[in-house]
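Chain G is fixed; fit chain P onto it per the hints.
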Amino acid sequence: MSGTGACALVVLRCHGLASLQDGGRRGYQRYGLSPSGAMDPLAMAMANTLVGNKADETVIEFGLGGGEFRVEDGDVRLAVAGAMGMVACDGSPVIGARSFVLAKGRCLTIAPPHRGVFGYLAVAGGIGGASVLGSRALHLRAGIGGIDGRPLRPGDRLDVPADPGGIDRAMPARPHDGHRAIRIMLGPQDDHVSPEGWAVFLGEGLTVSHQADRMGYRLDGPPIAHGGKGYNIVSDGTVAGSIQLPGNGHPIVLMADRQTTGGYPKIATVVSADLRRLAQRRPGDAVRFAIVDLAQATAAARARSREIAALPGSLRDVAVAEAECLGAANLAGDAVDALASTP
Amino acid sequence: MEGPDARLLWCGDTAFTITFGDSIDDALTSRVLALDGLLKEVALPGLVEVVPTYRSLTVHLDPIAVDPARLAADVLALAGWCTTASRPTRIWRIPVVYGGAFGVDLDAVAQRHGLTPEAVIACHASGDYRVAMLGFLPGYAYLSGLDPRLALPRRENPRSATPAGTISIGGAQALVASIAAPSGWHLLGRTPVRTFRPEGDPIFLFEPGDRVRFVPIDPDRWDDLDRAEEAGDCVAESISA
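Listed in order, the protein sequences are those of chains G and P.
Position one of the first sequence corresponds to residue 1 (our numbering), numbered consecutively onward.
Position one of the second sequence corresponds to residue 1 (our numbering), numbered consecutively onward.
Chain G on its own, in the form it takes in the complex:
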């Protein structure tokens, strides 16, 4: 499950929110503790698969950030995926979603992404440390998981195993999804919105605001009019993807570190397969919603699950992959950004 601690990954610098994440912790929502976990589970699964880990092994998640790391006491196998800017090993660029060996004493630098939000760094064999309530994921508000309940900071030394061997692997870049609509299901309190409100909500005018973090994404745009039922309900359960409509008419989509219950009407819910696509939209990016039904949402969830299960089969020898994509490669490091979004 986690590293044997033969080597150390030392944090020299980091910016944005850099935290340990995994598949999150389940079973504690009845006590008010939301699951946390990677904001883009598919990108996490890609990074982990590239180094031979299980899909939800502990990774470092970067939220609009990056950092500089040095390996000590041995060579370590790493992989990156998701939204990242320039990634470089001692100055030479790492292009695309791939694994590579960072030799003892060498430095890895990761620049903030130009597109998308969340990027992932996986270590072959995982990152050593103790789980809290069954997970390593940082829950910032609760002060648990991560490194002693906090994000990464310079000076941290992560226990990681030495390179288990093998060859560098790559994964094909994914097609960018442009601005395809984010699929939602209506409810649970869709009767709290007026017809005019729905027209605004389903229109073209919404963008991600600057109040967007692991707890929730507030959306900017024209206020969405409540129906006659007002904007207070007796608090009930929320899910990742719940779209709350507070009194000011500006919706908030609840994310991984959300509150487990809430007293604003939840007018719709982002389907589970598309939540990561919303997570990768940054402040100012447009958001458009499209309504689907339960059968369509379930089919999308199952397709996503099959996609993650098929990731090991998509691994390729990195030399072959590089030859194929050399022409298209973006040396500025944006190639990885294509992963930020998928159909």
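It should be emphasised that the hints constitute simulated quantities derived from the structure, not laboratory data.
This one's a predicted model, so the numbers in the text were calculated from it and none came from an experiment.
The beta carbon of each residue, even a glycine, is placed where N, CA and C say it ideally should be.
There's no promise every hint is true.
Stated by the list, open to error - Derived contacts from chain G toward chain P, CB cut-off under 7 Å, selection only: (1) L33; (2) A142; (3) G187; (4) V234; (5) T269; (6) S272.
Stated by the list, open to error - Below, a sample of chain G positions facing chain P; criterion: calculated Cβ distance under 10 Å: (7) H139; (8) P188; (9) T298.
Here is chain P on its own, set in the frame of chain G:
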């Protein structure tokens, strides 16, 4: 979908909520807790976890492992069965230092109700409360059973920080705060009891459905009790109901 006075509301493809009504009502909470207990016993496949609240219960599910519509139909059928909670409950006696720096809103609350601070303390501490919901933040215990004479709308200007252990009231509800957080509620006092210990056993002191009584204590006992809690002891007493 409708059951016998229980309604099913979808929350995307990974959850649904069974709601028994739209108000804070002890009878509704009892039905919620009864269904919660029943779901624990039957352990339906594909059910990930259950979140009981005042008047509804949210079921989180794995849409890969189960057909969500099928699971929902099963839970709705069970909801029609349960009327009252039959499981045993505990009564917690929670020590509280009221007023002063521990409860900065006590005097203002007393003034708004035309009561003395002592009368507010007596009223709050004589209540028989039930943990209707643990939610919002880890271990935050929302209680039903507040004397209606103490009900008060939330503050217009929420405080940006209140300490762990804060005992407060808002609307018709009473709250035991487990961790430091912003709050728009009225702060009556503070308990040294840690209701959320990530490394403890139990991790969360309260279960939904537990009964709670508040026991006023002198400010000069705070340091001793707080130290005991810090050392890992639990200074709250529990009795089986």
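Hint by hint, here is what the structure shows:
This hint holds: G:L33 has a C-beta 4 Å from the nearest C-beta of chain P, less than the 7 Å allowed. Taking 7 Å as the C-beta cut-off, the interface hint given for G:A142 holds, the closest approach to chain P being about 4 Å. Interface hint status for G:G187: upheld, as the beta-carbon distance to the closest one in chain P is roughly 5 Å, under 7 Å. The restraint placing G:V234 at the interface with chain P holds, with a minimum CB-CB distance near 5 Å, inside the 7 Å limit.
A least Cβ separation of about 3 Å between G:T269 and chain P falls short of the 7 Å threshold, and the interface hint therefore holds. The interface hint given for G:S272 is met, as the beta carbon of that residue sits about 5 Å from the closest beta carbon of chain P, less than 7 Å. Because the smallest distance between the Cβ of G:H139 and any Cβ of chain P comes to about 8 Å, under 10 Å, the interface hint for this residue holds. Proximity of G:P188 to chain P holds as hinted, the smallest CB-CB distance being about 4 Å (cut-off 10 Å).
Against a cut-off of 10 Å between C-beta atoms, the interface hint on G:T298 holds, since the closest Cβ of chain P lies about 5 Å away.
The structure agrees with every numbered hint stated previously.
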